[in-house]
Amino acid sequence: MSAATVPAAFEVYRFDPAHDKTPRYQRYTLDLSPHTVVLTALLRIRAEVDPSLTLRYSCRSAICGSCAMQINSKSRLACEAHVGPEMARHGRIVVEPMRNQPVLRDLVVDQTPFWQQYDRIEPHLKLDPARPMPEGKVTAMTPEEVNRFRETPRCIACAACYSACPAVEADAGFPGPMALAKLYRFVVDPRDQAHQDRLLRIQPNGLWLCLRCHLCTEACPKDVRPSERIRDLKEMAIAAEGATELGSRHAVGFKENIVDRGLLNEMRLVRQTYGTVGMLGQVGQGLKIVRKKPEIARKPARIADLEEVEKIYEALDRSPPKEEG
Amino acid sequence: MKLAYYPGCVAQSSGKELDLATRYVCRALSVELAEFPNFSCCGSGFVDEANEVLNIALNARNLAIAERAGLNVLTICSTCQGMLSLANLRLKDPAVRSRVDGALRPLGIEYRGSVVVKHLLQVLTQDVGLDAVRAKVRRPLAGLKVGAFYGCHLLRPADELAWEDGEEPHAFEDLLQAVGASPVYYRGRVMCCGFPIQFVKAETASRVAGRQILDAKAHGADAMATPCPLCHISLDAYQNQAAKAVEAPLDMPVFHLPQVVALAFGATPQELGLSRHLVPTDSALAKIGASAVA
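Chains as they are written, first to last, in my numbering: chain F, 1 to 325; chain H, 1 to 294.
If you're looking for bench data, these hints aren't it; they were derived computationally from the structure. Among the clues, some could well be false.
Per the computed footprint, the stretches of chain H lying under chain F, defined by three or more beta-carbons under 8 Å from a beta-carbon of chain F, are [stated by the list, open to error]: (1) 46-54; (2) 111-120; (3) 134-145; (4) 218-229; (5) 235-248; (6) 273-282.
Straight line, CA to CA, 20 Å or less: simulated EDC-like cross-link-like pairs of lysine to aspartate or glutamate [stated by the list, open to error]: (7) F:288 <-> H:110; (8) F:292 <-> H:251; (9) F:74 <-> H:159; (10) H:244 <-> F:169; (11) F:74 <-> H:101; (12) F:292 <-> H:282; (13) H:92 <-> F:228; (14) F:74 <-> H:164; (15) F:74 <-> H:282; (16) H:16 <-> F:295; (17) F:311 <-> H:110; (18) H:92 <-> F:232; (19) F:288 <-> H:203; (20) F:311 <-> H:168; (21) F:288 <-> H:282; (22) F:311 <-> F:228; (23) F:222 <-> H:282.
So the derived label-pair ranges between C-beta atoms look like this [as the list claims (entries may be wrong)]: (24) F:290 <-> H:135: 48 to 56 Å; (25) H:70 <-> F:123: 48 to 56 Å; (26) F:80 <-> H:113: 42 to 50 Å; (27) H:142 <-> F:120: 23 to 31 Å; (28) F:123 <-> H:268: 56 to 64 Å.
Beta carbons: idealized from backbone N, C-alpha and C, even for Gly.
All chains, full assembly: derive it from the sequences and hints.
Shown next as structure tokens:
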């Protein structure tokens, strides 16, 4: 081993459904420069040690989005993860396929669910034939308008966010971060003429299942920041459609709840979200909690200077928004 | 050390035991808590979904209260920590700033942006220091395997909060070691507890919570501990629902972060309100030789 290399200990997920009952982890140790990326190491393993190792890749330059996988449990591009820092942090490099998509073989997953969710948001401009763009104005956007979605076009559809998302993991109905970030891009595009319809249709079993855990924003190799765009969509959905879903009722209910006393009235929030009748479904669990934590059924103290909070609401929530700029 | 104590809504209500334990730990370590009865709710990640600028303005008001007193803020909730810190950051955007200032100025409130918001975990590990914590330990939690559960808003977005390594944090595990416990490392420790959608789709929320509890259990945890009372609701108060969602029996005691520290400092279960938990903590207490909850 030369001074410039480190022994890189790989544990690579191997699974061929045609032959294997269960997955196994195969160990390979290579002396590599710490600057070597994991993809290069995997290709070397395939070329020199084990030609059966199956993985998906193309450009090797973080442009195509093909080589997303889990490296030491984090969803990321193999062509961007360096051997040195991974070894320093974990003492080994565990390589596994992306999560939330069925494994086809070794590190290759079936991306069908990811793309189906992308199709669900109808990722194309919808123009109203009755309202054609003015002559010579096919790209009628100001720089400010383009700037509103400057982050989302960077997406390379690698699915690292989809793999990292705990809402997808727990609920296959959730569209996932990438689809919602792309949806945002069309909702704020001034040329698109289906904003209202898009916001309406994404709400049931969609938008409001986001956990805002920001794991997608951490996983994204292109800093698209899906979790922040999903928050934007929620606010736009409420502005356009009102509180029509449990999720939006909860957000709006919460906002109206805390101006009453300055602190959250927990029991009242349950009623605001579910309604008086819907609240009955919560009674069983509610009683279990109230027995241990009786304060939950009481009003909170009223904060001092509550009128300041009321005035902030009047200025920023009760009056119609002022024209921007 | 004196800090503006921002307990948040839950620790003043259903999560009162968190407030009890915080006061116990801060008293032991001579961290003086300045109280402000005019602090409002942080918005909890819900108000900003309905109106982000409003939420930022509410927190600018909270931060201005601490600024007027010349104090930094101590939070004991990952979500409060995240919301107050993000308000600090978003206020650097001139467009946001001018709308917020426009609402605050007529009230005679000005926030100059000088306040640092710190969670108890950060204060204990970075400001008080682990040596000072160690010096107060009277009952080391030897043999107790604890799975730290951080809570999303304490860590992410990591590039904006950045007080810890957002991907592989270790402050909580360092603290657990300092009080004699054995930290358990598991994937779920930085995952979500499911709480934000408890009211949207309870079954999905419970499945998210259940997976993390199962993960901690599979890695040998005797108990979990969290710096977030909202995570505590999900992991403790709704653990029976989580068990149903993942179709596995669960009986994982879940502590609030300062409860773990206070137990090591010699506090009794009664002083820490452990009887208020939905999942009994007796099995964990037995391991450290503390008397069970009456």
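Going through the hints against the structure:
1. 46-54: holds (count 9)
2. 111-120: Per the Cβ count (0), the hint is violated.
3. 134-145: violated (count 0)
4. 218-229: violated (count 0)
5. 235-248: Holds, because 4 residues of the region 235-248 of chain H bring their Cβ atoms closer than 8 Å to Cβ atoms of chain F.
6. 273-282: holds (count 4)
7. F:288 <-> H:110: Not satisfied, since the Cα-Cα distance of roughly 44 Å exceeds 20 Å.
8. F:292 <-> H:251: holds (17 Å)
9. F:74 <-> H:159: Holds - the C-alpha atoms of residue 159 (chain H) and residue 74 (chain F) are around 16 Å apart, at most 20 Å.
10. H:244 <-> F:169: holds (17 Å)
11. F:74 <-> H:101: violated (40 Å)
12. F:292 <-> H:282: It holds: about 16 Å lies between the C-alpha atoms, which stays within 20 Å.
13. H:92 <-> F:228: Given that 20 Å is the threshold and the Cα spacing comes to 17 Å, the pair holds.
14. F:74 <-> H:164: OK: residue 74 (chain F) and residue 164 (chain H) at ~17 Å, within 20 Å.
15. F:74 <-> H:282: violated (35 Å)
16. H:16 <-> F:295: With a Cα-Cα distance of about 8 Å, the restraint between residue 16 (chain H) and residue 295 (chain F) holds, given a limit of 20 Å.
17. F:311 <-> H:110: holds (15 Å)
18. H:92 <-> F:232: With a Cα-Cα distance of about 18 Å, the restraint between residue 92 (chain H) and residue 232 (chain F) holds, given a limit of 20 Å.
19. F:288 <-> H:203: holds (18 Å)
20. F:311 <-> H:168: The given pair, whose Cα atoms are some 42 Å apart, is violated under the 20 Å limit.
21. F:288 <-> H:282: holds (19 Å)
22. F:311 <-> F:228: violated (27 Å)
23. F:222 <-> H:282: violated (47 Å)
24. F:290 <-> H:135: 48 to 56 Å: violated (40 Å)
25. H:70 <-> F:123: 48 to 56 Å: 52 Å Cβ-Cβ, so the 48 to 56 Å window holds.
26. F:80 <-> H:113: 42 to 50 Å: violated (34 Å)
27. H:142 <-> F:120: 23 to 31 Å: violated (53 Å)
28. F:123 <-> H:268: 56 to 64 Å: Cβ of residue 123 (chain F) to Cβ of residue 268 (chain H): about 59 Å, so the range 56 to 64 Å holds.
Checked against the numbered hints above, the structure breaks hints 2, 3, 4, 7, 11, 15, 20, 22, 23, 24, 26, 27 and satisfies the rest.
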